[in-house]
Amino acid sequence: MIFWTIAGLVTLITIGITIYPVFGSSQAPGSALDFDKEVYKARLREIEEERRLGTIDEKRYEYALAEEGRRFLALANTSAAPKSQLFLQSGKPALIGAIFAIIVIPAVAFGGYYQWGSLNSPDQPLQARLDADPRGQSVEILLQRAESQLIKNPDDGRGWLVIAPVYMRLGRSRDAVQAYRNAIRILGPTSELQTSLGEALTVSAGGVVPEEANELFRQASKANPDNIKPLFFIALAFNQAGEFKKAVTAWNDLIAKSPDNSPWLKIARQQLQLAQTKLGTRLPENPTARDIENAKQLSVNDRQDFINSMVERLAGDLEENPLNKPGWQRIIRSYTVLDRKSDALAAINKAQQLFKDDKEFIRELEQNKSVLNQ
Amino acid sequence: MIVELGHYTLVLALGLALVQSVVPIIGARIGHFGLMRLANQTSIMMALLISFSFGALTWAYVNSDFSVVNVWQNSHSLQPYLYKYSSVWGNHEGSLLLWVLFLAIFASLVSVFGKNLPPELKANVLSVQAWILVAFLLFILITSNPFERLANPPLEGNDLNPILQDVGLAIHPPLLYFGYVGLSVTFAFATAALISGRLDAAWARWVRPWTLIAWVFLTAGIAMGSYWAYYELGWGGWWFWDPVENASFMPWLAATALLHSALVMEKREALKIWTVLLAIVAFSMSLLGTFLVRSGVLTSVHAFATDPERGVFILAILVLFIGGSLALFALRAGVLKSGGLFAPISREGALVFNNLFLTSALATVLVGTLYPLLLEAVNGSKISVGAPFFNLTFGPLMMPLLLAVPFGPLLAWKRGDLLAALSRLYLAAGAALLAVIITLAFTTDAPVLAALVIGLAFWVMVGAFAEISVRTDIRKNGIAKAFARAFGLPGSLWGTAFAHFGLGVTLLGIVSVSVFETEVIQEMKIGDKATISGYQLTLKNISPRKASNYNEDIINFEVLAPGGEKFVMQPAKRIYTTRRMPTTESAINTSGFSQLYVSLGEISENNSLTVRMWWKPQVTLIWLGSLFMIFGGLLSLADRRLRVGAPKRAARASKVESEVTING
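Those sequence lines, one after another, are chains P and D. The opening residue of the first sequence carries number 295 in my numbering; numbering runs sequentially from there. The opening residue of the second sequence carries number 417 in my numbering; numbering runs sequentially from there.
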């Protein structure tokens, strides 16, 4: 509304300024000859000046004066006289001109703005956006706000600490790794930070604990033996590395230290079973049908099994960008470790199709398949 | 709302321009003063509207309003303030808005300062200006709208191209554009004259200040651009015969020719048709330059063909205005009476000589610039017409012209005396000869041609003041009286002298740096030394620095000058954070008129840095010369003697007029 008030006002002023002189009744400034006379006078002054300075001698001076005089006379005889009578005021032409302006100006302005303009787009200067009430803004905007703050002030350790878990939740694990690294650089290593960085690294690696993360978990556990989370990953790393004996010890240790209703116990027990199976030390008691049903129930209702989610993410990535050999290797390994045999076989089949020219890889896949089929 | 109001006022200006392009010219046709007078008000209003629009875009840039696409694409919230302002015209859309703003400002200047113009002429001129405004406003609104918006703006912009983040960009384009657009006024005057069929000495007198203003700004813009390229691009060159440079040089050549031919028309009423043609050509060159730079045709003819919207639009503008005005010229030139007669050896003759060579030079540059483009368009082959072509063609054309420069002002109108003029130039001839001898004596490997050109430079420089010396005549009048007389001389005479002197100064700089420049390229590690022209450079250390939108490594050189004094030079390598774009900043040390120039190359595998060093003797004269030219132009512009008053009845501004009379 304010916009149209101002725009309308400006348009009105513009039209007014345009048509006012058309009707004004002041006298015309003179005939064309009057203007020529001014040029003639200027020329005469100039010639006088040249004589004063001695640039031209008396003879040339006379001659120049005569030439200018002739020129002016010629002008006076031809062009100007009849024209000067044509300076009419108002009348029909004025009316037509005014109507033309009154129609064209607003028509072009409104029509053109309707065509090209972005009505109702408010100004959004950056500072105002950053100062605005954060409630009601999208996570992306908030995140960008935090990011631009951190770009301006990259030594704000608390800022990195706040932003890192948000990255994790949004699935931007690589950014989370960077954020945790910055937090550690500024705030110094703590058991919790090292664990979080290790976790972010593990997620970035598609669920497989990388060497750097493993080292971080060990340091974290050493710094604070009460911190249970690193123990989980250390045990998982043993499983993934095929060191099942150490894995069994680690899982047992974790289970012993965990409070009874800890959410990770389910997974820990599954993984322990897996390790024991591989070692052949698992007690030969099959779970009852009810147990399996319960486990299924639990795994659905329980806190999201984050390893599965990681694997799903990797699977998604591979669907989008299938020509990623290490990705396939990793996902097959993950499925194998998680004992998702049919998924693993399906992945192997797909990879075999995709990389049929890569003989070495095909051979590796065949080996994996035979292991799974045992 | 500010941004949208800016957009609205731009569209409103289009409506106003449409009215101004039709109504006043009809008024002039039917002799209706009210309709003619309308252009006075509308052109001022239009300048105000477009100023507001430009101000709104500037506001968006300064406040980092990334909801404006143009702002988001070309700026960054962490830029220093100066570059937030200059980012406005550091891109296609914004620079066109600046172009149009200047166009409107010029029209309003004609309206305000044109009280001495007959109403019909003024109405026609302002209508023609409005045609150009309509064309460019449509171009902006349809193909290059700087006010496009984003619904969900990002929080950070893409930054301005790092090469453009420099004080040079803040100054160079506005100067150049003001010059380009200033030529639209002379074009409008020429077209108006063709429409009304009236063309005489008075016309030349009325046009004179506008051509001069445009010329002064073009000169300043080109010189500034050249110095900017020199220090920013790090190649140490000051002119590359690059199409973009030629695009600004061609209007300058045409405007220079126009200034001189208008002189003949003003004083002698000769060369009328030619002068009008030059006025058309000068602005056509401006349009051509705008087309070349803005259509993308330079990057590749094919890129132009695949995204032709903008290019075709400007091409249409080009064809419409150049073709239209030339057609009008062809229709009307026969009606125009030719003027006074003159002998070949005369002031007029000298100015014709000047015009012949300047326009031939213009044709040369035009061919050299367009030929590669045409060839690529026809058969796809990419050739580059570089410095060798221009040096072989443009250079020789300039020599006779420069030789003739001192003669011109000394020849009388109608019939001159060449020998008498020469006898007044003995001092200049002596200085030139001395310069040649000294050059040959004190340099070992300079080619004779170089010595001759240096002589030519001195001939032009000293000869420029021959007329002043003749008019004051120290030997006859004594120093005191000569000084008094010198001060009494008209400004336009001093203006001519300074402008011609500047030409000589620039020439001296050009020869000196092209012939005597030395260059050393060396791989250097910390602690290494290099020697160039007696200067010893030591690479001391590298200090990293963090600026708001870039990080840089400053390479610290300690320099020992031949005279024993020590100073530090700090070229740098920068990385601009947003665009991840590296740039190098050269370091320049000026002593006298000469410069030591250090520029950085790549860091090689064994961790040493390639350093390019130049000793550029008298290089600054190139730009100092143009400052003299500008000064000359301003002196001439300030010459009150040449101002024409408005008729008494009209003048509520009669004060000015009576002052002029008193002065006269």
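Check before you lean on any hint, since a few could be wrong.
[Claimed, not checked] Straight-line Cα separation of at most 27 Å, DSS-like style, residue types lysine-lysine; simulated pairs:
id: 1; chain 1: P; residue 1: Lys331; chain 2: D; residue 2: Lys956
id: 2; chain 1: D; residue 1: Lys798; chain 2: P; residue 2: Lys331
id: 3; chain 1: D; residue 1: Lys989; chain 2: P; residue 2: Lys353
id: 4; chain 1: P; residue 1: Lys335; chain 2: D; residue 2: Lys683
id: 5; chain 1: P; residue 1: Lys572; chain 2: P; residue 2: Lys650
id: 6; chain 1: P; residue 1: Lys635; chain 2: P; residue 2: Lys653
id: 7; chain 1: D; residue 1: Lys798; chain 2: P; residue 2: Lys335
id: 8; chain 1: D; residue 1: Lys941; chain 2: P; residue 2: Lys353
id: 9; chain 1: P; residue 1: Lys523; chain 2: P; residue 2: Lys572
id: 10; chain 1: P; residue 1: Lys551; chain 2: P; residue 2: Lys540
FYI, nobody ran anything at the bench for these hints, they're computed from the structure.
Status of the hints after comparison with the structure:
{"no.": "1", "hint": "P/Lys331 with D/Lys956", "in the structure": "73 Å, violated"}
{"no.": "2", "hint": "D/Lys798 with P/Lys331", "in the structure": "58 Å, violated"}
{"no.": "3", "hint": "D/Lys989 with P/Lys353", "in the structure": "70 Å, violated"}
{"no.": "4", "hint": "P/Lys335 with D/Lys683", "in the structure": "14 Å, holds"}
{"no.": "5", "hint": "P/Lys572 with P/Lys650", "in the structure": "31 Å, violated"}
{"no.": "6", "hint": "P/Lys635 with P/Lys653", "in the structure": "23 Å, holds"}
{"no.": "7", "hint": "D/Lys798 with P/Lys335", "in the structure": "58 Å, violated"}
{"no.": "8", "hint": "D/Lys941 with P/Lys353", "in the structure": "77 Å, violated"}
{"no.": "9", "hint": "P/Lys523 with P/Lys572", "in the structure": "24 Å, holds"}
{"no.": "10", "hint": "P/Lys551 with P/Lys540", "in the structure": "17 Å, holds"}
When held up to the earlier numbered hints, the structure conflicts with 1, 2, 3, 5, 7 and 8 and fits the remainder.
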